[in-house]
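With these hints in hand, go ahead and build the complete structure from the sequences.
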Amino acid sequence: MKQWLRLVFILVGILSWGPYTAAADGICTTIPWGEKLSAVQNLTYSGTASGILYYTVTRVETCGLSRLEGSRVTYGFRHERLYSTLVEIDRTDDLRKIVSLFVETYGLPETRLEDGWDVSLWENDDLRIKLKSQYATGRVKIGMYYKPLMLKGEH
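Residue numbers (mature numbering (1 follows the signal peptide of the UniProt record, and there is no 0)): -22 to -1, 1 to 133.
Since the hints were derived computationally from the structure, they do not count as laboratory data.
Below 30 Å or equal to it, Euclidean Cα-Cα: the simulated BS3-like pairs (lysine-lysine) are:
no.: 1; residue 1: Lys125; residue 2: Lys14
no.: 2; residue 1: Lys119; residue 2: Lys75
no.: 3; residue 1: Lys110; residue 2: Lys130
no.: 4; residue 1: Lys110; residue 2: Lys125
no.: 5; residue 1: Lys14; residue 2: Lys130
no.: 6; residue 1: Lys110; residue 2: Lys14
no.: 7; residue 1: Lys130; residue 2: Lys119
no.: 8; residue 1: Lys75; residue 2: Lys110
no.: 9; residue 1: Lys125; residue 2: Lys75
no.: 10; residue 1: Lys14; residue 2: Lys119
Here it is as structure tokens:
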């Protein structure tokens, strides 16, 4: 029960407020959606795709979803502003809990099968959330996208 409550608080935090980095005092702090890249510290450039600059957190312990065992978090910046948070998790042990929390927070998802992945989609006014899971490999990918920075026709 204690682990479940901790997971709920972690997920509610990241889904409600956006991506996180750890502050010097060890408390999770928010990088607001749309924040300028120049205002964010402790990131390491990892690549560019489709005009989006991708960075990983460095020199601090990450928090939020990145605290789940085997997870990796990448932040995407479009036009120098925070556009996406991508989380990869190598184990599906907590998948039911994650999906339950998303359903509780955002309602029932749109679902489909896409290239061997089970895909669930949620949206609200500001965010589009895409959760992809592969039971055969145990992998989970979560993408959160800030809709005001999406291009027309982008999904």
